[in-house]
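Residue numbers (our numbering), protein chains in the order written: chain A, 246 to 415; chain B, 246 to 415; chain C, 218 to 712; chain D, 218 to 712.
Among the hints, erroneous ones may be present.
[What the hints assert, rightly or not] Sample of chain D residues lacking proximity to chain B, with all beta carbon distances greater than 12 Å (derived):
id	residue
1	K288
2	D332
3	G350
4	D390
5	Q453
6	M464
7	R481
8	G564
9	Y574
10	T634
11	P637
12	P647
13	H673
14	A675
15	Q676
[To be verified] Taking lysine to any residue and the SDA-like style, the derived pairs with C-alpha atoms no more than 20 Å apart in a straight line are:
id	chain 1	residue 1	chain 2	residue 2
16	C	K576	D	E404
17	C	K275	C	V307
18	C	K221	C	S315
19	C	K644	A	G316
20	A	K382	A	V371
21	D	K543	C	F219
22	A	K251	C	D668
23	A	K326	C	S314
24	D	K543	C	T612
25	D	K383	D	K275
26	A	K251	C	T612
27	C	K338	C	S314
28	C	K288	C	S314
29	C	K576	D	K275
30	C	K418	C	P466
31	C	K418	C	D390
32	D	K614	C	S315
33	B	K354	D	I572
34	D	K454	D	M385
35	D	K614	C	D668
36	D	K576	C	E396
37	C	K383	A	E396
38	B	K399	D	K275
39	C	K670	A	E396
40	B	K354	D	K275
I should point out that these hints are in silico values taken from the structure, not numbers from a laboratory. All residues carry an ideal CB built from backbone N, CA and C; glycine is no exception.
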Amino acid sequence: MNYQLKIDDTVASLEIQALDNCSADIVSDSGNIHVTYSRISENQIYISCNGEGRNAYIHRSNGTKTIIIDGVPYYVEDVDKLTQGGNRKKAPGNTPQEVTPPMPSIVVKVMVQTGDEVAMGQGLVVVSAMKMETTLKAPYDGMVTGIHAEEGGKVMPGEILVDIKKNEDA
Amino acid sequence: MNYQLKIDDTVASLEIQALDNCSADIVSDSGNIHVTYSRISENQIYISCNGEGRNAYIHRSNGTKTIIIDGVPYYVEDVDKLTQGGNRKKAPGNTPQEVTPPMPSIVVKVMVQTGDEVAMGQGLVVVSAMKMETTLKAPYDGMVTGIHAEEGGKVMPGEILVDIKKNEDA
Amino acid sequence: MFTKILIANRGEIAVRIMRTCREMGIATVAVYSDADSRSLHVLSADQAVHIGDAEPSKSYLDIDKIIDAAKSTGAEAIHPGYGFLAENAVFAERCESSGLTFIGPPPQVIRDLGDKITARKIMTAGGVPVIPGTEEGIDDISAVSADAAKIGYPLLVKAAAGGGGKGMRVVYDPTDLEEACASASREAAGAFGNGTIFIEKYLSPSRHVEFQILADSFGNVIHLNERECSIQRRHQKIIEETPSPVMTPELRQKMGEAAVAAARASGYVNAGTVEFIVDSQGTFYFLEVNTRLQVEHPVTEMTTGIDLVRYQISIAAGEKLSLVQKDISAKGHAIECRIYAEDPEQGFFPSPGIIHYMKEPSGPGIRNDCGVYTGFPVPFEYDPIVSKLVVHGNTRKDAISRMIRALQEYIILGIKTPVPFLIDVLKSEPFVNGETYTDFIDTHFSDWLMDRKNMHTAQIAFLVDDMLPLKKQVSHGDGILSTPSPWQTLGNWRL
Amino acid sequence: MFTKILIANRGEIAVRIMRTCREMGIATVAVYSDADSRSLHVLSADQAVHIGDAEPSKSYLDIDKIIDAAKSTGAEAIHPGYGFLAENAVFAERCESSGLTFIGPPPQVIRDLGDKITARKIMTAGGVPVIPGTEEGIDDISAVSADAAKIGYPLLVKAAAGGGGKGMRVVYDPTDLEEACASASREAAGAFGNGTIFIEKYLSPSRHVEFQILADSFGNVIHLNERECSIQRRHQKIIEETPSPVMTPELRQKMGEAAVAAARASGYVNAGTVEFIVDSQGTFYFLEVNTRLQVEHPVTEMTTGIDLVRYQISIAAGEKLSLVQKDISAKGHAIECRIYAEDPEQGFFPSPGIIHYMKEPSGPGIRNDCGVYTGFPVPFEYDPIVSKLVVHGNTRKDAISRMIRALQEYIILGIKTPVPFLIDVLKSEPFVNGETYTDFIDTHFSDWLMDRKNMHTAQIAFLVDDMLPLKKQVSHGDGILSTPSPWQTLGNWRL
């Protein structure tokens, strides 16, 4: 099997050749590795690469797997699967390209008006959730063409709070 | 739904009438009870009877459920299901009626010979497993008609190690 | 002693309080909102009462509903935990007038200490050193500059009410003073319904060092040593420890005496915490009193061996403190990390969601006070703390190594947590050296990035996970087979 | 200090040792048999080496294979845990001759103390009180009656080698003596390859009280107080605690000095345990020395705050003991319960099988050193211990309540465990009163029956479980849905 896997902004090509039900050869740009493995539970697998043991804890969601190794999470996407599926979902680790709250929130403050020129990183809307406030920022330079949030209102992830027309020379 | 449930040697008749997806009325010899409940995981349910909350931890196996409440296990059998299935399996809590090891073991000592008269409770075979020895005892009075164990041999649960012809007047 | 206590809280702290109640043979009543019907605190109680909507004002902050729940279940006392109604004098009064014991200090003490200006006056009168600042609230902002000049810059403008960094401004330049006072007052008025502000000298770098106290209703007051809580983000603690790296026996003696004096000066009863600021010269100043159990109380429990909740309950039941100061000795070093549902890569923004899988660390010297479980949806309506991970070791170095090990063993899938961030903080040189000032994270970790050094292993894990059937066909020599599962019929989903 | 250690053991003790290694920055190598490829100790190590068949003689007892595994992985030291090769002098010698450090006492000490007759002689010479008995092994059984008469009945016939109650007989009547000696000798010869026996006065009722010692290679020896381990079934401990209910400061002083003298007399180095019998008059006698870490070591760790494995490793690395006797102080009370895969309703017969579900207790004062996990098949080839549950409380009473709470929170489905039995023992009046003699279970619990008082609730749970779909349809306000699961297509299986 050949896979195109994406972590953050890096795509790597890997080929896996199962030898039996507990070992395989893996070929990639990083070289060839022989791995043995076993499933410990639905969410845990044990991998041994060249004698070194590692536990990987895995949650699967829409073609993306969250994989924790040594306490650090990796968000790994199967590029082929995402392309096939069409219904591409934002990987959890990516920088948002839209002005939408990461979770259900209350709007505390709207800091721009329609027609304003905004710079990438500029604060647009302050939202509050779980006793904490955060500022949603402009993902790129552009002009505000619409605002869909009012102070005190409830907003959900996926709702675009501010429309921004991207500057063409950005 | 009407159920005949067996715990140890007690069979109780219970009737459950679901009211919605989280509550039901239960009718039994112990009286009528209104319960509300929710599933916490595949192995845990939360039940509230007359305001008192309880967690039950459940493992299902061949019509028998092991249910732990307050640290104590109950082995509950569905009598109708066992009768239907035909392939009745010994409930884990019952006293054995056959001379067979409860787990894979090594035979340490055979204490009887074919033709011996044995009394209920008399030691017949000593087996060892997990660094511990136990004595398999006669389940009833009778005569030994066959021995299928030799010292040093490995034996498995279900293998009958000693045949005993039950005394008719027992 | 009480036979039944209602816990007017949720999540990990409610569970923690219930555990001690159970050990004391006291029945427990949980209250829960719509968002919490399957919460661990509900599953951990002997009884549970539904009190309303997910919105806090309609459930956990609704005094009438909580009093009703206590009366209808026959509870004799209410433990407020922390947050929600824990420092609400009106609630404490309502408990008393309803014939219920409020497990905490008397209402007047809560009221006095809840106002920072009043608290400063009480402490000054009691001989406890306070940070140089204005004695009264500022009525006339235009007249404040003389006071400010006397105190000296930089200054901190602070709200008399509330907390959590709201209504607070640092002022470096006299020309910014008026505007800072005005905006702080506006913010405080909006957040707490009280716009009163005052100014203090701003001490930086400084440490946040607090003392745990216990006081009974017979006038006995002791302290249980200090906790250092300087590691904060957004004015909220994330790592606490005891002893403080800055502490000496002499300083502990002096600060402990000040903490006891603070408790006496305010007429304190029950468990409380006296917070101090310690500046870079080792001089300490009173900051405020938290009139409740602290989130970080377990580090004190692990070093002193004393169950603080047990003492809260016995003091509230009118018992005399069975400990005197010389009974208190602390052994080893304890560290707590707060595990929040939050994203350390996105400015610690909350990250609620379903816990798809959780594996708690265990073994020598580890305690995890957890309020969630696999399958539980962490609600977005409440504080995002999911657990407090605490370790104990013989030395600070041992405790740090143990905490790193525990964090690496702690797996939570489904929500984001600060675990990778905490590991990096604990491994960092400034932390190991005890350079724990309140600006620690801004100074050393403002540009933190997650070190994804096992990326290749993660790729391999992705592939291997695809290869392996989701549930192993279990067949064991003992003849026992697991219940056949639909997973077994699935096999590989891609081969 | 070592950079890599091989742990020549399995299960919970191997996991526990690896945790300290990780905290010390030392890499770990696991060894495993065919039955253990998915064991927790394999998953917890940095490297794992397969060493053969499930049968212990072909894997965990195979000295060659273990030495080879250490050499091939570059390990510099071997920690033997307890059981298996832990008290095998030949193995300790083979480590040394292969250039590996054996983490334990020198081979000659293991050999001397492994023979009970030699050990008694060493202790007598060192001024440690031993139980009245024969000084030498019994050559001529027919000539033993004179010695026996001098010692006085009842008597205990004991094998010089081995342990676990094998080759041991209590003799009340002189006419039974010869036959008892003969059969004990036969049993010992069969079990240990050494039929040497001796006789001792049989002390009953008595308590089993042991002292933890630490000795470095520079002649420094300290003790870390006692553990009482009287609650036993089949001569195997199931509940241990510290302090002992019988202990006074004076007795601790005397016994501690005897334990240190015992260590010095035998030339002891590393961690060890000096076992004593304390009779009903409070007189104590040397019983034997265990030349390894004990199963019950965590109760000492919880009260003293000292990680014994860390000291074992540092002593083996040639470091000087950083503690002196006056550094050792114990705080509070700790109790351990051993959680075996066994059936308390069937004479504690082993109960291996798959752990279908496990939920570990947690919260204040609880430690669980566990060697299994949900989905793991407990092998029948090895000792049936699955975990050691340990609690710490301020007083013995607090610790007992906490242990009961912890046991009630500990859920294991798939195998049987003594949890319900242990709860009843801890709740019993004789235990609460500290009447912990070695015949405790025979005296008070020989006719124990499980109290199934929640039978009706169990019936209701059966029904409700049938009603509820196996996996809840999870839909949460935050818009995140869990991965669709085949369980969701199942629904009720009976409606």
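Going down the list of hints, with the structure as the test:
1. K288: Holds, since 29 Å exceeds 12 Å.
2. D332: Fine: 22 Å to the nearest Cβ keeps D332 (chain D) off the interface.
3. G350: At about 27 Å from chain B, G350 (chain D) clears the 12 Å cut-off, so the statement holds.
4. D390: holds (24 Å)
5. Q453: violated (8 Å)
6. M464: Per Cβ check, M464 (chain D) is outside 12 Å of chain B; nearest 30 Å; holds.
7. R481: It holds; R481 (chain D) is separated from chain B by about 33 Å at its closest Cβ, greater than 12 Å.
8. G564: At about 7 Å from chain B, G564 (chain D) fails to clear the 12 Å cut-off, so the statement is violated.
9. Y574: violated (4 Å)
10. T634: With a cut-off of 12 Å, T634 (chain D) comes too close to chain B, as the shortest Cβ separation is near 9 Å.
11. P637: violated (5 Å)
12. P647: Since the minimum Cβ distance to chain B is about 20 Å, P647 (chain D) lies beyond 12 Å and the statement holds.
13. H673: The assertion about H673 (chain D) is violated, with a minimum of 5 Å to chain B.
14. A675: violated (4 Å)
15. Q676: violated (5 Å)
16. C:K576 - D:E404: violated (46 Å)
17. C:K275 - C:V307: OK: K275 (chain C) and V307 (chain C) at ~17 Å, within 20 Å.
18. C:K221 - C:S315: Holds: K221 (chain C) and S315 (chain C) sit about 16 Å apart, inside 20 Å.
19. C:K644 - A:G316: Holds, at roughly 13 Å.
20. A:K382 - A:V371: holds (9 Å)
21. D:K543 - C:F219: Outside the cut-off at roughly 41 Å; violated.
22. A:K251 - C:D668: holds (16 Å)
23. A:K326 - C:S314: This hinted pair is violated, its Cα atoms lying about 64 Å apart.
24. D:K543 - C:T612: Answer holds: K543 (chain D) to T612 (chain C) is near 17 Å, not above 20 Å.
25. D:K383 - D:K275: Since the Cα atoms of K383 (chain D) and K275 (chain D) sit roughly 23 Å apart, the hinted pair is violated (cutoff 20 Å).
26. A:K251 - C:T612: violated (43 Å)
27. C:K338 - C:S314: Violated, because 29 Å separates the two Cα atoms, which is more than 20 Å.
28. C:K288 - C:S314: Status holds; Cα separation ~12 Å.
29. C:K576 - D:K275: violated (34 Å)
30. C:K418 - C:P466: The hint is violated at about 27 Å.
31. C:K418 - C:D390: With Cα atoms ~13 Å apart, K418 (chain C) and D390 (chain C) stay inside 20 Å; holds.
32. D:K614 - C:S315: Cα-Cα ~34 Å, so violated.
33. B:K354 - D:I572: At roughly 31 Å apart (the allowed maximum being 20 Å), I572 (chain D) and K354 (chain B) break the hint.
34. D:K454 - D:M385: Distance of about 17 Å is within 20 Å: holds.
35. D:K614 - C:D668: violated (47 Å)
36. D:K576 - C:E396: Distance of about 56 Å is beyond 20 Å: violated.
37. C:K383 - A:E396: Cα-Cα ~18 Å, so holds.
38. B:K399 - D:K275: holds (17 Å)
39. C:K670 - A:E396: violated (42 Å)
40. B:K354 - D:K275: The hint is violated at about 24 Å.
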